[in-house]
Amino acid sequence: MTHKQLVKGNEAVVRGAILAGCRAFYGYPITPASEIAEGAARYLPQLGGTFLQAESETAAINMLYGAASAGLRSMTASSGPGMSLMQEGISYLAGAELPCVIADITRGGPGLGNLNPEQGDYFQVVKGGGHGCYRNIVLAPDSCQEMADLTALAFELADKYRNPAVILADGYIGQMMEPVAFSSEFSAVPEKNWAVKGTPQTRPNFVTSIHLEADALERHVRALESKYIAMGRDEVRYEAFHADDAEVVLVGYGIVARILKQVVTQARGLGLSVGLLRPITLFPFPSLALGALSRHASRFIAVELSTGQMVEDVRLAVEGRKPVELFSRVGGNVPTAAEVLTFVRSRVQELCHA
Amino acid sequence: MPEYRPVQERSRSFFPLFERKPDNQNATHYCPGCGHGIVHKLIARAIDDLGIQDRAILISPVGCSVFAYFYFDTGNVQVAHGRAPAVATAIKRARPDAIVISYQGDGDLAAIGTAEILHAAARDENFTTIFINNAIYGMTGGQLAPTSMVGQKSTTTPAGRSIWNEGYPLHVCEVLNTLDGPAYIERVALGDNKMILYAAKAIRAAIQAQMDRRGFSFVEVLSPCPTVWGKDPVAAQQWVRDEMTKVYPLGVIRDRDPWTHPIPVPPPPFAFPSGAPPLLAKPDEPVDYRIKVAGFGGQGVLLLGELLAEAGLQAGLSVSWLPSYGPEMRSGTSHCHVRLSSEEVDSPLVTNPNVLIALNEPSLRKFLHTVEPGGWVFFNGDAIPADCARADVRAVALPMTSLAVQTAGDAKATNMVMLGVVQQALHLLPAAAVDQAMHSLIHSERWLAIDHMALNAGSHRYQERCHV
Ligand SMILES: Cc1ncc(C[n+]2csc(CCOP(=O)(O)OP(=O)(O)O)c2C)c(N)n1
Ligand code: SF4
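Those protein sequence lines, which keep their order, are chains A and B.
In terms of the working numbering, the first sequence has 45 at position 45, counting the first letter as 1, and numbering is strictly consecutive.
One rule links them: number in the working numbering = place in the second sequence (from 1) + 1000.
Do not rely on the hints blindly, as some may be mistaken.
As the list claims (entries may be wrong) - Below, a sample of chain B positions facing chain A; criterion: calculated Cβ distance under 10 Å:
id, residue
1, 1027
2, 1081
3, 1119
4, 1274
5, 1322
6, 1347
7, 1388
8, 1392
9, 1395
10, 1399
Just so you know, the hints here were simulated from the structure itself, not pulled from any lab data.
Don't be surprised by glycine CBs; every beta carbon is placed ideally from N, CA and C.
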């Protein structure tokens, strides 16, 4: 690893990607993700890679389809409106079992919304906003260091499962700067024997997502499903922060998790039994970990920059054993630690009365 | 029995048996007399003749030709409706030695995929597009195409294409010919055998242009769709010859002077900057600065914050820097949150700063009330306005902009005067760490000199005026 350098989250994504062997970037500018494209434009040509600003996100995601078909590690970056446009292409990538990495640096919606951080893309990214039975691998960094590390991991997982992987980070994680240690070596990229490279060895290969006969498509969809089941078994990642013995478990990801760490520390300082479970993978979701916590915790509070998207997965994980509540801010507003703490205290008092 | 010697054999670039096809594996799925089947043969023959079967990658679109990959014994990629040019772009750039042939129908290319084809052509991507114009949507059962002719009946124009409702057909070759990008554009037709021979030549020429790295090559083929047109194959062919060619004139439309795309050369080795260990070890006494820096855009608000964070890193601390971003910057105000801590930074957001650095009055008014009791406020101005003053914070007000102009000769150095003042007041960070940060963030020697002057001026003025 290199010594720590102060870099923006978005810059950490680009460097993490290139160190992981990404050699093609196709994208369309959008705040607050544009620094990723700008970084790729600066670095990739120096490595003999390709950077191209596409005519739209629709084109960009299909360019990833091409680069992935040809066996390159490739990525794009966008935010809400661009992610909406990419959904068609993501469905095709998943259907054709093509690996790629997409960074979604979220902003406020719906429509043009605003440029401030929001977490309203959870549904379209985690639940698969395109058509058909597919899932994205979704990683949610909460620091600039994780922007680099999880981007590298996203490439590994995308190749391992031949599936799109999304870095879901909010505008704050993308725009802020923190010290980051980078890998000092470029990773080796696995040989992709299935790719279509225009060579004698790969001449028999073909990439497609169409299976006209019902039985053939069912076999294909089941095969995809078995990958998602394997991910659920092998790839779940989360961070538990004072969660094991907590009466009240907070759940949050991205910038929210950073605020919640402060809340937990302050709450513990006040003698309140509060902890945090931070999903690092949003798909696969750490349902088992939450389910286990629900055996002794009395209450769950999902904190989100949305009117309630991730909270649905928390509820599914807790399976009605304990109450699950939502505390949220939207529109680009981010809750202060004090705000959340006040809410948490009111709930702890309720528990004491009960 | 007489001996027969075949003069035409199936192309080597076709599979001997169409095994990817679930049912009848000897025949294609195209209707009798369909132009797709003919053009497939012409493409396969060109691939044979040019000796590029191992290098060829065929892109199948969405349309009746979605299963082109059943037939071509080449690399194959099937893509989304209209997006073939985007996919082809990236494949060719990933594999410059591959010969990429993108195949599209008129709905695919000229309706849903208009943007992609136009931009690939404008970029002069070095691949070949074969465009099948049958003036109808075949696969979905005969709806209007952007190339349907005026008066032409379709299931969605039962009374015929009306110029008042659907407007006029799109002339793709002519549109592409307005661009500087394309190297080769030709329109051919499958109207009779002679025309088919021309089509074969055009397809070969287009692929040859790609092989010669001449750039984007494009062949439009006016092509019969007997089934949907409701004509027998012979009548359909006649309609291509007699009617379509009137609206879509044939010929070579562009054959640009040969200039060629460069062959990529491997670049020299590349490495990211590796960074250096922090200048200083973490201090013994605990540090927890939660700083908000605010002012007008252009006052160096974000740079001042970044300097503090970088200097904090050099001083062995945990640091974070979080900017306001987006439209706020454009409307003229900007701020950032900086944390410097001997513990790991939890939240990078600073809601209640213990140090507020206000470079203008609106920022002071916006954030003064958020300062933690006992915290510090640094204000660029003669005095804290009486109507917003607070007794429970320590405030320092100095006219830093005029100081910057007087001492450093530039109002842009106001942020550095501020840094000098803050440093002198709080000894926030070791001078060596600040110096190191300035050197790594300010790249111009001239500005480094100016900023040092401003920094010193700020710390002297604080000493003179506010000795505490
Ligand atoms: C996004 C999307 N919209 C609509 C369709 C349905 N669709 C399939 S093929 C087609 C039209 C094809 O027409 P054309 O490109 O002219 O090809 P042809 O079938 O005539 O060869 C349409 C609209 C689709 N597959 N995807
Ligand atoms: S419907 Fe038309 S375009 Fe499609 S296969 Fe039949 S003849 Fe060809």
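Practice problem: Any hints from earlier that this structure breaks? Give me their numbers in increasing order, please. | Solution: 1, 7, 8, 9, 10
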